[in-house]
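Q: Chains as they are written, first to last, in my numbering: chain A, 1 to 311; chain B, 1 to 311; chain C, 1 to 311; chain D, 1 to 311.
Each statement offered as a hint is correct.
Just the calculated beta-carbon pair ranges, DEER-fashion:
#1 C/294 to A/304: 34 to 40 Å
#2 D/232 to A/301: 33 to 39 Å
#3 B/307 to C/160: 28 to 34 Å
#4 B/150 to C/28: 40 to 46 Å
#5 C/174 to D/76: 51 to 57 Å
#6 B/227 to C/246: 29 to 35 Å
No wet-lab data here; the hints were simulated from the structure. Backbone N, C-alpha and C fix where the C-beta goes; we use that ideal spot for every residue, glycine too.
There are 4 protein chains.
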Amino acid sequence: MTGSSFDLYGIVPPVSTPFTESHVPDIPSLERLINFHLDAGVHGLFMLGSTSETAVLTSAQRVQVVETAARIAKGKVPIMAGTMDMSTDRVIENGLAAKQAGAEALVVTCPYYIKPGQGEIIGHFRMVKEAVGLPIVAYDIPFAVQTKLATSTVMTLAREGTIVGIKDSSGDDGTFRAWVIEARTIPGFRALTGSELIVDGMLMMGAAGAVPGLCNVDPHGFVKIWNAVAAGDYKTATAEQDRLVKLFSIISVADSTRIGHTASALGGFKTALMLRGVIATNVMGRPMGQLTDAEVARVRSIVIEAGLLDE
Amino acid sequence: MTGSSFDLYGIVPPVSTPFTESHVPDIPSLERLINFHLDAGVHGLFMLGSTSETAVLTSAQRVQVVETAARIAKGKVPIMAGTMDMSTDRVIENGLAAKQAGAEALVVTCPYYIKPGQGEIIGHFRMVKEAVGLPIVAYDIPFAVQTKLATSTVMTLAREGTIVGIKDSSGDDGTFRAWVIEARTIPGFRALTGSELIVDGMLMMGAAGAVPGLCNVDPHGFVKIWNAVAAGDYKTATAEQDRLVKLFSIISVADSTRIGHTASALGGFKTALMLRGVIATNVMGRPMGQLTDAEVARVRSIVIEAGLLDE
Amino acid sequence: MTGSSFDLYGIVPPVSTPFTESHVPDIPSLERLINFHLDAGVHGLFMLGSTSETAVLTSAQRVQVVETAARIAKGKVPIMAGTMDMSTDRVIENGLAAKQAGAEALVVTCPYYIKPGQGEIIGHFRMVKEAVGLPIVAYDIPFAVQTKLATSTVMTLAREGTIVGIKDSSGDDGTFRAWVIEARTIPGFRALTGSELIVDGMLMMGAAGAVPGLCNVDPHGFVKIWNAVAAGDYKTATAEQDRLVKLFSIISVADSTRIGHTASALGGFKTALMLRGVIATNVMGRPMGQLTDAEVARVRSIVIEAGLLDE
Amino acid sequence: MTGSSFDLYGIVPPVSTPFTESHVPDIPSLERLINFHLDAGVHGLFMLGSTSETAVLTSAQRVQVVETAARIAKGKVPIMAGTMDMSTDRVIENGLAAKQAGAEALVVTCPYYIKPGQGEIIGHFRMVKEAVGLPIVAYDIPFAVQTKLATSTVMTLAREGTIVGIKDSSGDDGTFRAWVIEARTIPGFRALTGSELIVDGMLMMGAAGAVPGLCNVDPHGFVKIWNAVAAGDYKTATAEQDRLVKLFSIISVADSTRIGHTASALGGFKTALMLRGVIATNVMGRPMGQLTDAEVARVRSIVIEAGLLDE
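Just chain A, with the same shape it has in the complex (with noise of 0.2 Å):
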């Protein structure tokens, strides 16, 4: 029913979106940045994606940011990509551009700024599978969107077809649970979870794959956790996990006074990125501000804490 051999599972990073001083993207960064993802083994890429900005970025912006991942990744791994906007003839716009710029499968989350009931939820995916003809994931994330999908929207949806997968970003465990149990009678059907910090738990009890945005910075460690739960060995899984939980307080050593907290967050990655030589800068796409040089230097202690950069 899916009409794809499009495959979705394991450790797939929301991929960062690397800015230059001039706040627009930084090409030759994202080349190394998904070059870095594909060198630790991640089984997928999630371009544009909350992690990647893309609410910050322009329509040709996205366009650009999608062809680079499809010039050097595709055929490698599965390419997807985000088309967050507000309304279904703008996200068939978006969904549009994207699949002609080389993307093999869309996300697309809950309208916004409107408050849609699940009926026109469901209509909203239904259109745009019908216009694009993309695979599509969908994406539950009111922290962003303000509705939550219902467990009902995503079962239609995953049984008539429309959609192949879920990423999880609620936070709702039961949820997510009942749609981890949902996939094991749908073929073809995955549920991932966007969780950072728990993703041992989530895999151990059957979650198909994590899209953790922490996975930019220390894709190696996420790889390990699904390799190591796919051996059995949930010792090392879990090990593994509590390492990656002291790296995640990266998010917040930005002061909050100052910037927010999707800046305080993403920055955190970029920056954590940027001092391990990824990315040339941690500049975040207007008007989020980026990290000081005070809060880069706790950045740093943290980076190295977790046994990623000497000191």
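Chains B, C and D: place on chain A using the hints.
A: Coordinates of chains B, C and D only, in the frame set by chain A:
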């Protein structure tokens, strides 16, 4: 300081965007609606507001809406255009297009999907002002964008001349009162309420105007409140507002298990306008559903009771 | 139907509960505070409100507070007592104790900790009314109890005579307006606002009275607004309210990293009352912390600026 | 440091409080329920939890419940008692009464109705510990009390020995993971999850135990998960959890327009226990409504499907 002759006050409808059966803007209906407002004596037009379903319009459709308003109303009343979007660069793109299409001022919200801090929000408004050059009205609508404009943010932007007014749809009487008081000390700065239900009280205590979505359906009613308060006739103002409170129940006739809050409310307005013969359909932008025949009948009886339609 | 001569209108302070250094009610200070309110011409007393720190008082202390009010003010103004608690049986226990202690009416909120439905809430009010027999004022304060009283719930209870009034601290202008309109058709039913900042507007549009926490600090100011609106002198009402808006900033001088919102706000009131010589300390009920000397100094300058204290 | 032999781990049901038709605790039913849990091999008893409807019990009824547990289970498993209340002095009153009635440890939430800061919360726990003297388990349940325990608050209290454990019902996997990691470094400190739906995953990654409301209905199932994880048999643990996830749907069979969320969920548990013959009625504490015959029939079919009842 505001560098503009743009003068914002009074009753300013956030003009609905009528659609054809094909879910695209219905320009002849929009023309009738604008003329309906002008005939009622409104003091300005807010195109591309939340009530206008701006969130579901594509960039090209947004331009079309502003051009229509400019063609009909330019020189008669001030024309503002919303720029709703997630980031500074996207809002600047929208703002430049609206300016080109004839808007005389921009309405700018807090960025959304991301969670900016107040410092980043201040930077956002300054960058948009710098790049587009039109007068800017800030729009506080946390229900849609999730972040509230702080009292101090609005005051900073007002004092330095980055914004010439604020439309408050936060429902927070405390911050609005603070802005009304502040506005008394800043030449040209105006605080308008987005309330539909206590416009009388808000005007009596010093609001410079009102931008109620319900004004689409009965602009004469809101203009009557404005004139009554201006004349010191509070009894008439309150009686008229009481009548409009009852009319406002058209926003909740739709079955909430079928369509969401936004479609229910904005669709209620469109249905009433259709029944009054001003626009052709009550079709909503996708994915939003429209009111059913049974629901239209319920709107009809409310509109009749409000004295806006013969039985 | 309300079966009571209890008449609720005008300015009704939710009387602060002063504490000694030992964190128990300071009865001599409470006596002075009640007399301060009576001298200012308030129209009723609300003992055991949210502002009274009822949540931190033991059952025995609550009785002590009501007895004090009855001893001083009975027969001069109506005396209401809050019954804040989590369930019907607990509220009935509190209500019977308050009745015994001299309360002439009860103030009853929605049960909390649990999440009741509106049908259960209606049952709650009916059972409390049946068991205690005093007139009941419903108190809508979702900020504290998490559940909002629906418009229809209040109307059902008002029409059948279970409640004689509503104190609205929901901040939802729409539901309050609906109750004000409804109140016009129900003999003896009164809708009072808990707003501190738009009391002028609320009274102008038909509220029967106001129950502002800030009234503790400056009852003369709120009585002046009441009298001005009654006399049709809206200019005076608005000017006085503007003054009180500035005074209200005493609620946020405390360091929010040290103490929580409730201690900051109610402690601001107590500090101003201490500075005005009405009560002995600004001690709060445990576990709430009190304002520091530096914070007291900031309150002092605000109180001076409001004209309530000589420099 | 914790100064106690109280040892908290494993499966700990938050024991339901059965009621008679007169809405008072049904002690014979409670005795049967406690024995049902002991027979199933639970590792402790949490009396007066949220699931126990503690919020609707009077002080006298709370004592009665703890006395019943002490009479039956003392010396067999550890017995904890909730102290849910709004302030320090009220919690101390409750805690002393529970101690007198036989509780071996207290469970203490953040104060509610008021909005305390984290510093005030720390003070609250210290004062309760000082006054009552029993071991304290912190209970993070922002859904009910509105304030979340900060990671740092729990760590401060754990390190100094004020608390011996944390029950996490926040749904925040990140803070819970942090406490699990922290617990490894603090002798005797235990982090238990209040999750019902991912107990397998939580135990696998290091939780010391689980306190699921659903455990009332099927303690054998949760004990089976515990034993399977302990034996390294993750497949069995996950299969059993999957079965319990389906059983959990008993919490939402009630008509949400008739009764609220708490009555629906806790009433679902009571209905299943009634159907299993453990307790006499599915009556709830007032004002909560009970499930109707039709709803009971729906619970019955779910309980049958879960293998807990013959058709």
